[in-house]
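Start from chain A and add chain B according to the hints.
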Amino acid sequence: MATTLKPVDAVLVGFGWTGAIMGQQLCDAGLSVVALERGPWRDTSTDFATGFAQDELRYMWRHHLFQNVTDDTLTIRNNVNQEALPMRHLGSFLLGTGVGSGGVHWNGQIWRFLPTDFLTKSHNEKRYGKKAVTDYDMTVQDWGITYDELEPFYDQFDKLCGTSGKAGNLRGKIQPGGNPFEGARANEYPTPPMAQTYGPTLFGKAAAELGRHPFPHPTGNLSQAYTNPLGAQMGECTYCGFCEKFGCGNYSKASPQTTIIPYLLQKSNFTLKTECEVLRVELTPDKKRATGVTYVNSAGEEFFQPAEMVILGAYVLQNVRLLLLSGIGKPYDPKTGEGVVGKNYAYQTMSSVNVFFDDKIINPFIGAGALATVIDDFNGDNFDHGGLGFIGGAYIAGMVTGGRPIEMIYTPQGTPAWGMQWKHAAAKNYLRSFSLSIHGSSMSARGNYLDLDPTYRDIHGRPMLRMTFDFTQNDHKMSDYLTDRAAEVAKAMNPREIKLNRRTGSWSVTPYQTTHNTGGAIMGDNPKNSVVNKYLQVWDVPNVFSMGAGAFPQNAGYNPTGTLAALAYMSADAIKTQYIKAPGPMVRA
Amino acid sequence: MVTKVNLKRRQLLIGSVAAGVAGATAVAAQVHDGELGAPPRTIRGKVPFQEGTADAPPGASGTGYTYFTPSEVAFIEAAVGRLIPNDEVGPGAVEANVPFFLDRQLSGPFGRGDHYYLGGPWPKGTPEQGYQTRFSPAQLYRAAIAAIDQYAVANLNAASFSKLSPDDQDKTLKGLESGDVKLDGGVDSKTFFAMLLQNTKEGYFSDPIYGGNKDMGAWKMIGFPGAHYNYKDWVTRHGERVPFPTVGFKGRPGWREG
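Chains A and B, in that order, are what the protein sequence lines are. Last residue of the first sequence: 804 (the working numbering), numbering continuous. Last residue of the second sequence: 270 (the working numbering), numbering continuous.
Note that these hints are calculated values from the structure, not bench results. We put the beta carbon where it would ideally sit given N, CA and C, even for glycine. There's no promise every hint is true.
[Claimed, not checked] Just a few of them, taken from the derived set where beta-carbon distance is under 7 Å, the chain B residues facing chain A:
1. T54
2. G102
3. E214
4. F217
5. Y222
6. I234
7. A239
8. Y241
9. K244
10. T248
11. H250
12. G251
13. V254
Next comes chain A alone, as it looks inside the complex (with noise of 0.2 Å):
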């Protein structure tokens, strides 16, 4: 059976963005940490070097850096009268797998949520009615944490990212050229904005002119070489357009590779293993503490780490699953309500609007994966959904992550996807069209959920995740009215046509949408409506922390990364200052 290890202070469960963040803050205080990653060890010089990193075959559709699910998958149906059957293969979201996991093949673009965004519930009630937070059986709540209790955790990230924007808040004075909507920042960014590309300036200029207040997209791509407070070195991002599904090459893209790993690995009380899987969490017999955590190795051997703390750093839907089969917490019941581990799985609700010119090119290879120009007019609660029957947002973006042909080529309205007609629209079209990217929120919603499947099994033989989400009437409503505001600037640009891509019916595992999977594993301010409090501790297991966008009672209208991470930093700086002296419960229930 399982060998025993000696016991350490703190186990990392799965070592991308988190998992980094966590291991560092901790060793950091001078704690003893294990990481454990199921997948490999992977560095800039050997898996992503600039040579063959640009291979969209290898990395977008063959899935080289992605979770295999040829050894691990979840079931998946939109309501639970269907019986879900297993996602066969990567679409809708792509999975990470691997030392710094999504967070090595992500776009870069880091984003704050909005104050009034953490205060869903109470925010939309107060202004627009009980009915306007429970119409479509929504079940979104508050986060029990504030904008501005997490904004120091924010600037953190954006300091160790070297992040490159403008900021449009800065400690509440409005500045020109940022975004106006955003809650109140302590400091500037890092490093300047990005350079704008043509699509990109000719989306801002249409925006601007509509009365609209664009700015430049904040990204993990940086404008110029960074030396972060870790002491790792980033260079300048050279726009070759392969960020998101890639990894960065040139070490211009914010990762736990370019920004903590090198420093982190130099401690002494720090270890990684690679391809170690964790199975469980151990608890004591009467449910209250975890022991550690078993693992098993890809050679078959089986181990208990003991740990005086356990961080599950693993993806959302892993972080859940791994609380289920551990035991901890009550699972989510949708036709009770009851229940909490699994509940309010939320996703994000994305459309786009293509726009073709005759005479302007475009050049979409000149990219990067938060290059663009962005509006945040009609995100969250900026603007007044009075009569409109939905609440949340979307920003809207005028984005060239890149040009890559398989993906990304866009052919005008009626276009068939094959034959003479359709190669003739890709020869005309590639250089002359762009697409707006329209980033939607995803509110909760009863019937969205995570829980254990009855059928399937993975090759350890647990069962695999289920999950049961469609998009909400909320969410449609949302997104149709957002989708015509981006039409509005993408008209103003003056193009030869436009065409719009809208989210319509059912949620499918297909087509290729975000990797911003959220909820299951909820925060909020009492063990009866959430998993974890305001320092992502696990009520039930208090020497238990659940990291990343699994804590998010909802999803906003913005990419999760900058929340998480912020998150991660907050729980440290709890743990670090409070848990340590006093292990126990931070928040009393």
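Frame of chain A; chain B shown alone:
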């Protein structure tokens, strides 16, 4: 069952790395595939680095077909030639060597269902549940091509799909795309068509090391300059054509002769 499939996958994976590099059958189990299956490691003290381990791409090698049978070649050449036909605007899929690309993909890890979960049970599922079949991609191609040829015999009075007129080939492909053409042999026509079209575009637009996109003709047609690494000087030169010559991972004609 599940465990057995996985063991097999590992072995094949190791074999394929060797075969891809040297055409040999077995070398030391050097699995650096960027995914599960490498030996467990304990890393501390510094960032590890080992020379000679760069995770270089596994390009296609050899000539001729290794997966497709002659009758399958006839189908593939006919079908991809309709999906992307040839004319003066740019190459067709056949001219871009897409059939060879498909052959190498299907005889490699992709064809075997690496990165697919193929365990049972196998109910049909809803359209939103995506790929739901027991077939690996290579098995799906084999079963589907036979079923489509059979469809042509039974319904269109032809010896096979490849013998149909271009118009009838287009009609059949449209029927597969919409699902109106039903196939025997447990093949879902829409599932196969979606995979064939996707893989055809992959072969057309991927780096030539994978065997398609001959002479980077598809890239030249649309104006994608290939695997360039630095566009900094062109970021703010709005509306200008970037004059870079088209390059792939192995360079471009003129870089290396002979």
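Outcome of the hint check:
| no. | hint | verdict |
| --- | --- | --- |
| 1 | T54 | holds (5 Å) |
| 2 | G102 | holds (6 Å) |
| 3 | E214 | holds (6 Å) |
| 4 | F217 | holds (4 Å) |
| 5 | Y222 | holds (6 Å) |
| 6 | I234 | holds (4 Å) |
| 7 | A239 | holds (4 Å) |
| 8 | Y241 | holds (5 Å) |
| 9 | K244 | holds (5 Å) |
| 10 | T248 | holds (5 Å) |
| 11 | H250 | holds (4 Å) |
| 12 | G251 | holds (5 Å) |
| 13 | V254 | holds (6 Å) |
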